[in-house]
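There are 4 protein chains.
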Amino acid sequence: MIVDRQAHGGHPHPPMLERLVFFSDAVFAIAITLLVIEIGAPHLPHGAGDIAHLQQLAQRIPNFIGFFVSFWVIAAFWGGHHSAFGLAGHYAPGLIGPNLAMLCAVAFMPFATAYMSENYGARVPAVLYNSVLLVTALLNLRLVRKVTAPPYLADGADSFQVATCRGRPWGVVVGATLALIVSFIAPFFAQMTLATIPLWIAIAVRRTTRGVPRP
Amino acid sequence: MIVDRQAHGGHPHPPMLERLVFFSDAVFAIAITLLVIEIGAPHLPHGAGDIAHLQQLAQRIPNFIGFFVSFWVIAAFWGGHHSAFGLAGHYAPGLIGPNLAMLCAVAFMPFATAYMSENYGARVPAVLYNSVLLVTALLNLRLVRKVTAPPYLADGADSFQVATCRGRPWGVVVGATLALIVSFIAPFFAQMTLATIPLWIAIAVRRTTRGVPRP
Amino acid sequence: MIVDRQAHGGHPHPPMLERLVFFSDAVFAIAITLLVIEIGAPHLPHGAGDIAHLQQLAQRIPNFIGFFVSFWVIAAFWGGHHSAFGLAGHYAPGLIGPNLAMLCAVAFMPFATAYMSENYGARVPAVLYNSVLLVTALLNLRLVRKVTAPPYLADGADSFQVATCRGRPWGVVVGATLALIVSFIAPFFAQMTLATIPLWIAIAVRRTTRGVPRP
Amino acid sequence: MIVDRQAHGGHPHPPMLERLVFFSDAVFAIAITLLVIEIGAPHLPHGAGDIAHLQQLAQRIPNFIGFFVSFWVIAAFWGGHHSAFGLAGHYAPGLIGPNLAMLCAVAFMPFATAYMSENYGARVPAVLYNSVLLVTALLNLRLVRKVTAPPYLADGADSFQVATCRGRPWGVVVGATLALIVSFIAPFFAQMTLATIPLWIAIAVRRTTRGVPRP
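Residue numbers (my numbering), protein chains in the order written: chain Y, 1 to 215; chain D, 1 to 215; chain V, 1 to 215; chain U, 1 to 215.
It should be emphasised that the hints constitute simulated quantities derived from the structure, not laboratory data.
Some clues are possibly wrong.
Here are some chain U residues pointing at chain Y (derived, C-beta under 8 Å) [stated by the list, open to error]:
(1) D25
(2) I30
(3) I32
(4) V36
(5) I37
(6) I39
(7) W78
(8) G79
(9) G86
Just so you know, these numbers come straight off a predicted model, no measurement behind them.
Think of the CB as a built atom: it goes at the ideal place given N, C-alpha and C, for glycine as much as any other residue.
The shape of chain Y in the complex, shown without the other chains:
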């Protein structure tokens, strides 16, 4: 009993581009959800009071911050991937390598997050975290620029959307570079530097969309 699957005008099935995106989504989703596993729930003796519990939670504040920062960092990479591939209309095997390279860096984030959170304020973990982040940002920049240009770009894609999409990765690169510099000098404040990323994204997008007509 053979079922014919060649619907969709003779295109191979499942479509290659969709599967690439699907696999990437699964890796993003797992990396983003594994972050919480690394925290480790405190287990106190039976009858421990509220103060003892609050102290345990207070000790884990860096872990909670680490979870939230990395959740939004990975979420931002996912968002960029989502918009960039939304503008793609063609597939070629040349996308696989750059996409996997970026996913490899993303898959490493839970380790960098756990190490930085467990040793908050120390220089080496902060440098490692922000180096991983910078590498991810650069691999993301390469991927987004590749996928939003010919031959991958969909015919008739809106040029304003394309320019926006191509600007955003620069903002993450700038923010990660700054955080890396700060983590050498004042590791305790490195993670706060990441809060400036939206600002760099706004500036970068303003530059790449300058003169591009809005849709």
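Assemble chains D, V and U onto chain Y, guided by the hints.
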């Protein structure tokens, strides 16, 4: 060798809304399955008797309850997401933020579950768990209301289904609020309060669907 | 910038049945892959000889067997889900509950596997494992019978395929029942009883397909 | 409220081949992302200096190498699966068994990676890792050859692409065999042997595509 992927009447491929839903499903599925990892299988010396094993399992009863309660809580959020996005027919980037915020709270549930289960009956873990649940319920309420209203709502969506969908999140908000109050006063009974959620959902749905013609 | 997603003849998008199946697949995939995490890699002192390493691996033989048995058990449930939903052509919310119930049992399998493997030969872990398996098999039976009958069954579905699909779950129920009985009497041999499942499936399918014309 | 899902010219929905691929992608994605979980973040006393941190990281160099090697090995299997199923146009249940067998070996890779990394240079872990790799490569070879031949191959699939696809798995088989031999003799150098895989793939593809007209 470039493969053209622009089928489906010129829409970008893969479709943006489908990918958003897909990514959310993966996060829900991972969070719901990671719950069991936190229990930790007992390892007894070789030759340990049935009684010793049953005692070990009995000690883990709060963990088992925690697993089942959180499984159904996350499953209920997934079910609501499933029906709400089933009514959506349009996509805009404005959905991404509220959706990620809700997923962030869901991704934190395995930690809250493990902490509450490992210290069953203590006030702080119960308060933390039910606070996380209430935050998730509120973020879910915001998302569901957004996605089942213009400009996202599909043209010609059935108004009874829409009203049902928009009523359900209120039930979870009420249940989580009650459980949070109980967890301050009598933490041991807080989780049982969650069993009243179906009742609040039924009342909330009755209110939002009042006067709406059934399909 | 709103993108219209109402392709596919006015059907909601993403399709409800596809998303239900997708979410289930993710839960199956995570449960099946988490099994290996529970084994725990041995770490020997630097310079430890081959004999020491082989002894450590030998101690983990029950874990390896546990991994393989549970991998194929979950894979078999996935296979049945795959064929049953392949015959479905219609969606209604009534599928969500029975599907989630089955997934809840599947998500618990990694714990049951780890506990049974870590204490191989003990009665309580074997009884627990095979009870979880029997519950999963019964929930699977209910789900498969529901989805391969009206109103869910696709119009014009082949009756031989339907009969095959509806027969298979009975084989797992019989095998799990036998393994549960054996695990009370001779827990060491309970897992081997599971090897008879293909036989019960063959008998069950023969019964349900009797008299049904082959396609 | 029953929603009819029989779009796509009467084909069952969700499509069987797409779901098989989807489930496989999820298993690949989880296995590839779980690799990092096994590393384990170092936790140093508060105030530990940079040297102490760098020493801890230096001790984990085998774990980092293990993560990267296994990431790319699993990514390569995914890439081969992606191109092979991209050439498939028909579905039959006979694909399920060989596909699950390959996934079972992939799901075991995180254990083999962790064991090899934690005991880098020891013979038994290196032999185990490369045996698992060879088994995976052989199961992958069987699957790819099956799916790129009738009755699964899409009608009108390009013969050069088919020949390329069928050649690649041989390269991994040769590389894994060499690494297995080296791991018996000089386990420390076994993982470096894997770096020769691209060479064997190039040779294998040259052989299988010889005389096949380029598209």
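Have a go at the U:G86 hint: is there a Cβ in chain Y nearer than 8 Å to its own Cβ? This interface hint holds because 5 Å falls under the 8 Å limit.
Against chain Y, is U:D25 within 8 Å by beta-carbon distance? holds (5 Å)
Agreement of hint U:W78 with chain Y interface, Cβ distance less than 8 Å: Hint on U:W78: holds, closest Cβ of chain Y at ~7 Å, below 8 Å.
Evaluation of the interface hint that places U:V36 against chain Y, nearest CB under 8 Å: holds (5 Å)
Given U:I32 as an interface hint, is the shortest Cβ-Cβ distance to chain Y below 8 Å? holds (6 Å)
Restraint check, 8 Å cut-off on beta carbons, for U:I37 near chain Y: At 6 Å from the nearest chain Y Cβ, U:I37 passes the 8 Å test, so the hint holds.
May I ask you to test the interface hint for U:G79 with respect to chain Y, counting a Cβ-Cβ separation under 8 Å as satisfied? holds (6 Å)
Interface hint for U:I30, Cβ within 8 Å of any Cβ on chain Y: Result: holds, 6 Å to nearest chain Y Cβ.
Interface hint check: U:I39, Cβ to nearest Cβ on chain Y, cutoff 8 Å. Holds or violated? holds (5 Å)
When the structure is compared with the earlier hints, no violation turns up for any of them.
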